[in-house]
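With the hints in hand, could you dock these two chains into one complex?
Chain by chain, the residues:
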Amino acid sequence: MAGSRSFLSRLRDGDEIARLVTFLFAASVVLITVLLVYELWIDSALPRQKFGLHFFVTTVWDPVLDQYGALPFVYGTLVTSAVALLIAVPLGIGASIFLAELAPARISDTLQFFIDLLAAVPSVIYGLLGIFIVVPIMREVIYPVLNKPLGFLPIFKGPSYGVGFLTAGIVLAIMVIPYIISVSREVLLSVPRDQREAALALGSTRWESTWKVVVPFAKTGIMGSVFLALARALGETMAVTMVIGNTPQIAASLFAPGYSIAAVIANEFTEATGDLYLQSLIELGLVLFLLTFVLNGMARLLIIVTTQKGSKVTN
Amino acid sequence: MRRTGLLVVAALALGAMVWAQDTLLINGAGATFPYPIYSKWFDVYHQKNAKLQFNYQSVGSGAGIKQVTEGTVDFGATDGPMNEEQSKAFQDKRGSGILHFPTVLGGVVPTYNVPGVSAALNFTPEALAGIYLGKITKWNDPAIAGANQGVNLPAQDIVVVHRSDGSGTTYCWTDYLSKISEEWKSKVNKSTSVNWPVGLGGKGNEGVTGLVKQTPNSIGYVELIYAVQNNIPYGAVKNSSGNFVKADLASVSAAAAGAAKDMPDDFRVSITNAPGKTAYPIATFTWLLVPSKIQDGAKRDAIKGFLKWMLADGQGYAEALSYAKLPKEVIEKEKKAIDKVQ
Numbered sequence: 001m002a003g004s005r006s007f008l009s010r011l012r013d014g015d016e017i018a019r020l021v022t023f024l025f026a027a028s029v030v031l032i033t034v035l036l037v038y039e040l041w042i043d044s045a046l047p048r049q050k051f052g053l054h055f056f057v058t059t060v061w062d063p064v065l066d067q068y069g070a071l072p073f074v075y076g077t078l079v080t081s082a083v084a085l086l087i088a089v090p091l092g093i094g095a096s097i098f099l100a101e102l103a104p105a106r107i108s109d110t111l112q113f114f115i116d117l118l119a120a121v122p123s124v125i126y127g128l129l130g131i132f133i134v135v136p137i138m139r140e141v142i143y144p145v146l147n148k149p150l151g152f153l154p155i156f157k158g159p160s161y162g163v164g165f166l167t168a169g170i171v172l173a174i175m176v177i178p179y180i181i182s183v184s185r186e187v188l189l190s191v192p193r194d195q196r197e198a199a200l201a202l203g204s205t206r207w208e209s210t211w212k213v214v215v216p217f218a219k220t221g222i223m224g225s226v227f228l229a230l231a232r233a234l235g236e237t238m239a240v241t242m243v244i245g246n247t248p249q250i251a252a253s254l255f256a257p258g259y260s261i262a263a264v265i266a267n268e269f270t271e272a273t274g275d276l277y278l279q280s281l282i283e284l285g286l287v288l289f290l291l292t293f294v295l296n297g298m299a300r301l302l303i304i305v306t307t308q309k310g311s312k313v314t315n
Numbered sequence: 316m317r318r319t320g321l322l323v324v325a326a327l328a329l330g331a332m333v334w335a336q337d338t339l340l341i342n343g344a345g346a347t348f349p350y351p352i353y354s355k356w357f358d359v360y361h362q363k364n365a366k367l368q369f370n371y372q373s374v375g376s377g378a379g380i381k382q383v384t385e386g387t388v389d390f391g392a393t394d395g396p397m398n399e400e401q402s403k404a405f406q407d408k409r410g411s412g413i414l415h416f417p418t419v420l421g422g423v424v425p426t427y428n429v430p431g432v433s434a435a436l437n438f439t440p441e442a443l444a445g446i447y448l449g450k451i452t453k454w455n456d457p458a459i460a461g462a463n464q465g466v467n468l469p470a471q472d473i474v475v476v477h478r479s480d481g482s483g484t485t486y487c488w489t490d491y492l493s494k495i496s497e498e499w500k501s502k503v504n505k506s507t508s509v510n511w512p513v514g515l516g517g518k519g520n521e522g523v524t525g526l527v528k529q530t531p532n533s534i535g536y537v538e539l540i541y542a543v544q545n546n547i548p549y550g551a552v553k554n555s556s557g558n559f560v561k562a563d564l565a566s567v568s569a570a571a572a573g574a575a576k577d578m579p580d581d582f583r584v585s586i587t588n589a590p591g592k593t594a595y596p597i598a599t600f601t602w603l604l605v606p607s608k609i610q611d612g613a614k615r616d617a618i619k620g621f622l623k624w625m626l627a628d629g630q631g632y633a634e635a636l637s638y639a640k641l642p643k644e645v646i647e648k649e650k651k652a653i654d655k656v657q
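Protein chains in written order, with the working numbering: chain A, 1 to 315; chain B, 316 to 657.
Looking at chain B on its own, in the form it has when it is part of the complex (with noise of 0.2 Å):
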C-alpha cells in the first residue's frame, strides 16, 4: 500500500518535471478591462505553440505595474500609462527601461436613466464636465437641454455614480474630464480614483450599472464593451470637431487613427479628445507592459513571438469580442519597437 503511494507521487512528480521541462511558463498580471481578450489570445498562441503557455492573472492596472516592477511577473499590463515616477521606480529596481506596448482599444460612455426619456440623449463636454463637478444639477439644465433639442427632460436633481473600486475605466473618464475642463484639471485631475466631488460610488462596472438602472435621474459611466454586451443604452458625446459621435468600435478606432500621427516613440499617448471627425472622444488604449531587458534568452523570444503574433493575426479576434483593433499606422511603429527588447 505504501509502495504504491510512493510510485504514484514518484509518477506524478516525474510527469510535472517533464512538463516543466517541456512548456515555458510566462507569468502576467494587470488590467481587467482587456482581460477577455487576452484570454483568448494566450490560448489560440498556446494551440499554436505548445511549448508555450502564458498565464495571466487580471488583477487591476495598479497591481499589475506594481507586480512587474517587483518582477514577480514576466510583463504587466495597464490601461493607464506608467506615470514618470513609475518608470522611475521600475528602472531603480530592474536596471533597465519598460516598453508600453498597445494591444487594443475601449472606450468609455455615459448611460443614465431618465424617466420619460426614451431617445439616445447627446452630450457635450461642458455638460459632462458640469454634472461631473456638481456644477449642474438639474436634467433641465440649458448645458443638457441646449444639446437634446425636442426631448423633455425633467426639471429634476441629477443622481451622478462613479466607480468606487480604483479603474482604468476612471482613468479614462477622468483623463478626458481633466482635458476638456480646466477647472476639472485643477480641482480633481486624472487617476484611477479621485477625490469625486459628488457622487455615489459603485463597485465595478456592473455596481454602477446596478446603481444607474435602480436609481431615477442617475447618470453614470461605464465601458463600452460592458454597455454593448449587456444592452445597456448609452448617450453620444460631442467631439474636438464639434460633432456628436456615439461610441463603437469604427468610432474608437477612429480616436486611435486620429492620435497615431502624433503617437510618441514609447506609446506612451493618451488619445481622450482625439482629432478626427468621427472619433469618439472618450477612448483609450490598453497596454502590454514589457521589460527592454529580459536576462531568460527562452522568455524574451517567447514574449516578442507572441507580441509579433498579437499584432498580425491577434488583431483578427479582437472585433468579435468588441474591442476595436489598433490602426495600421500604430501596428506598424509598434513592430519596429519589439527590437527594442532585449
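Isolated chain A (complex conformation) (with noise of 0.2 Å):
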C-alpha cells in the first residue's frame, strides 16, 4: 500500500484542498459558457417561435413593425472580420518573424514593449482613430485609387462615405495586429535551437531555416494567435460601430456602410421596449456566440488537419 496515501490525509497535507480548489475553478468556466447559452436560449424563445431559421435568412430590421432578421449583421460581421484578418495575417506574422528570428534582441524587446501598450489601448480609441484619420484618408486617398481603376470590379464600386465595411475592417485589423504579434513572436521564440541549428548544419540560409524550418514548426501556435485575433474581431463593439455605418444592408462593396452584431447589441440594447424588440437582441446574441463557436471548431480542425498531412509529409 506504499504511496497511495488515505484520503484523510491527503486532506491533511493540502494536496486534495488544492485539487478540489483548482477543479471548481475550471469547472467554473464550463459552467459559466453553459449558464451563458442557456440564459440566451431562453431569454429568446419569443424571436425563435416567431421567426424560426427566417430569423437567419430575412434582412429586414423594423422595430416599429416588430420584423427582425438577423442577415445584414452577420454578413456585416463575417465581412469586416474576413477584411481584418486579411489584412492582419501577413502583417502580423511577419513582423513576429522579424521580430523573434531576424531583430537584434534589444531591437525585438524594445518593440515587443511597444505591441503591448498597442494591445492595451481601449477599444473606443481606436475607434476615435478610426473616425478622425482613417475616414477621411478612406475618403480621399484609398476610395479614389481604388475605385478609379478597379471600380468595374463590385467589391469597390458605388460612392464612399468614408464610413463602411472597409473602413471597419481596417480599424479592426490594426486593433488585432499586436495580438497575431505578440503571441505568434512567443511562439517562435519557443521553437528549440536544435531546430535551426540543424536547418543551419544542413547548409540552409538563414532565411530558409526559418521559413522553412521554424515557422512550420510553430505553424499551430501562430494559427492560435490569428484565432485569438478573429475572436477579438467578431466580438469588437465599440470601434466597429464608430466607423461602420451603422446601416443594415447586405452590400457587396466594401466601401458599403453596413453593420455588424455586435454593434446592433450596444446600440439599440437600452432602448428596447417590447419583448419581441428586446429578445431579437438576445438572440442575435446568440448567433453571435454561435457564430464564434462555429468559427472556433473550423479553425481547431484545420489545425488537426493540417499539422496530420504535414507529419505525413515529413515521415
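Treat the hints with care, as some may be off.
[As the list claims (entries may be wrong)] With a straight-line cut-off of 27 Å between C-alpha atoms, the simulated DSS-like cross-links for lysine-lysine are: (1) B:Lys450 x A:Lys157; (2) B:Lys623 x B:Lys640; (3) A:Lys148 x B:Lys553; (4) B:Lys500 x B:Lys553; (5) A:Lys157 x B:Lys643; (6) B:Lys576 x B:Lys643; (7) B:Lys528 x A:Lys157.
To be clear, the hints were calculated from the coordinates, so they are not data collected in a lab.
The model shown is predicted, which means the values in this text are computed figures rather than measured ones.
In C-alpha cells, the structure reads:
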C-alpha cells in the first residue's frame, strides 16, 4: 500500500484541497459558458418561435413593425472580420518573424513593449482614431485610388462615405495585429534551438531555416494567434460601430456602410421596448456566440488536418 | 489587530445603518436627455431636504419604462410617452396606473455640412421628409433651393445621417416626420429606433455630429441643447403657420404653449408641428413616470413634494442648462394632477 495514502491524510497535507479548489476554478469556466448559452436560449424564446430559421435569412430590421432578421448583421460581422484578418495576418506574422528571428534582442524587446502597449489601448480610442484619421483618408485617398482603376469590380463599386465595411475592417486589423504579433513571437521564440541549428548545419541560409523549419514548427501556435485575433474581431463593438456606418444592408461593395451584430446590440439594447424587440437582440447575441463557436471549431479542425498532413510529408 | 478590524467593520455597519435610517433613498431611471437638469434638481433638492436622496440613472427612456414597470425603481423618466401597450403592461404587473408628469422641454434641430454654404438654411417639412425618405437626393433640389433663395446650393448627393442607438431624439424626429408626411407615416412611422429608408447611423448626438462634420454634403439631426452647447450650426424649419423658425428656448416654449390648450389629462401629448406663429415644430416634452399608487407613505410624500418643488422653484434652473421651461398653463394643470398619486 506504499504510495497511496488515505484520503484523510492527503486532505490534511493540502494536496486534496488544492486539487478540489483548482478543479472548481476550472469547472467554473464550463459552468459560465453553459449558463451563458442557457440564458441566451431561454431569453430569446419569442423570436425563435415567431421567426424560426427565417431569422437567419431575412434582411428587414424594423422595430416599429416588430420584424427582425439577422442576415445583414451576420454579413457585416463576417465581412469586417475577414477584411481585418486579410490585412492583419500577413502583417502580423511578418512582423513576428522579424522580431523573433531576425531583429537583435534589444530591438525586439523594445518593440514588444510597444506592441503590448497597443494591445492594451481601449477600443473606443481605436474608434476615435478611425473616425478622425482613417475615415478621411479612406474617402480622399484610398477610395479614389481603388475606385478609379478597379471600380468595375463589385467590391470597389459605388460611392464612399468614408465609413463602411472596409474602414471597419482596417480599424479592426489595426486592433488585432498586436495580438497576432505578441503570441506568434512568443511561439517562434519557443522553437528549440536544435531545429535552427540542424537546418543551418544542413547548409540552409538563415531565411531558409526560418521559413522552412522554424515557422512550420510553430504553425499551430501561430494559427492560435490568428484565431485569437478572429475572436476579438468578431466581438468588437465600440470601434466598429463608430466607423461601419450602422446601416443594416447587404452590399457587395466594401465602401458601402454596413452593420455588425455586436454593434446593433450595443446601439439598440437600452432603448429596446417590447419583448419581441428585446428578445430579438438577445437572439442576435446567441447568433454571435454560435458564429464564434462554429468558426473556432472549424479552426481547430483546420489545425488537426494540417498538422496531420504535415507529419505525413515529413515521414 | 483582528479586534480593531472587527471594531472598524462594526462602526462602518452602524454608520451605514444610521445613515440608511436617516436618509430616504428614492431611485429613478430613464431618459438621458434630461439627465443634466435632473441631476441638478436632485442635488439642490437634497441640499434643501437632507433626509431625502434621489438617485437617478440615465439609462435611456426604454430602460426607464422597463425598470419602473418591473418595480426595480420608484419612478421612471422618458422622452416619448408610454404607449397603450406599455401602460397596459404596467397596469397588469403593478395593479395601478402610471402617471406622466412633463418636466422640461427640448427640441431637435437639423444640422448639415455643405461646403461653400455658410448661411443658415431653411427647411420645409416636405424637404426634410423627402431627404429622409431618400426621394430628394441632391442639395440643389427645388424643394430645398425654393426655400433658400440666394444661397448657392451644390448639385451634390445628400448624405443622410441618423442616430444608430435607440433614442428619444429619434422618437421626436420621426414623430414630426410622421405628422407632416403620410408616406413617412405609412412606410417608417415613429419610434426610438426605426427602419431607416436611407442613411448612415451615428451613435449618440456626438456620433451624428462627428459624421456630419466629417462628411461633406451631409445632413443629420441632434438635440437643440447639444447643438447650442457645442456651437453646431443648424437650420430653421417651417412651422404649421408657414413661418421659418430657428429653434431656441423661446420658440420651443411657444410650441408647448400652443399645445397646452388641448392638453389631455394624462399629459401624454406630442407637441411636434404644434400651432402658433413662433412655435418651433420639432419639440417635445420630457416626462417623469410616477406610479399612481405608492405603498410606502414616506416615499409617496417625498415624490409628491419633489414634484411640487420641481414645478415651482425647479423650473428656475432650466434655462441656465438650455432647457425650455414649461408654460404656465401646463404647470397649473400638473399641480392638480399631483393629487392623483396615492
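Hints, verified against the model:
Taken as a hint, the Lys450 of chain B and Lys157 of chain A pair is honoured in the structure, with Cα atoms around 22 Å apart against an allowance of 27 Å. Among the hinted pairs, Lys623 of chain B with Lys640 of chain B is consistent with the structure: their alpha-carbon atoms are about 15 Å apart, no more than 27 Å. Between the alpha carbons of Lys148 of chain A and Lys553 of chain B the distance comes to roughly 42 Å, so the proposed pair goes past 27 Å and is violated. Of the supplied pair hints, the one linking Lys500 of chain B and Lys553 of chain B holds, its CA atoms being roughly 19 Å apart against a limit of 27 Å.
For the given pair, Lys157 of chain A sits about 57 Å from Lys643 of chain B by alpha-carbon distance, which is inconsistent with the 27 Å threshold. The straight-line distance between the Cα atoms of Lys576 of chain B and Lys643 of chain B is roughly 11 Å, inside the 27 Å bound, and the hint therefore holds. Pair hint Lys528 of chain B plus Lys157 of chain A holds up; C-alpha atoms about 24 Å apart against a cutoff of 27 Å.
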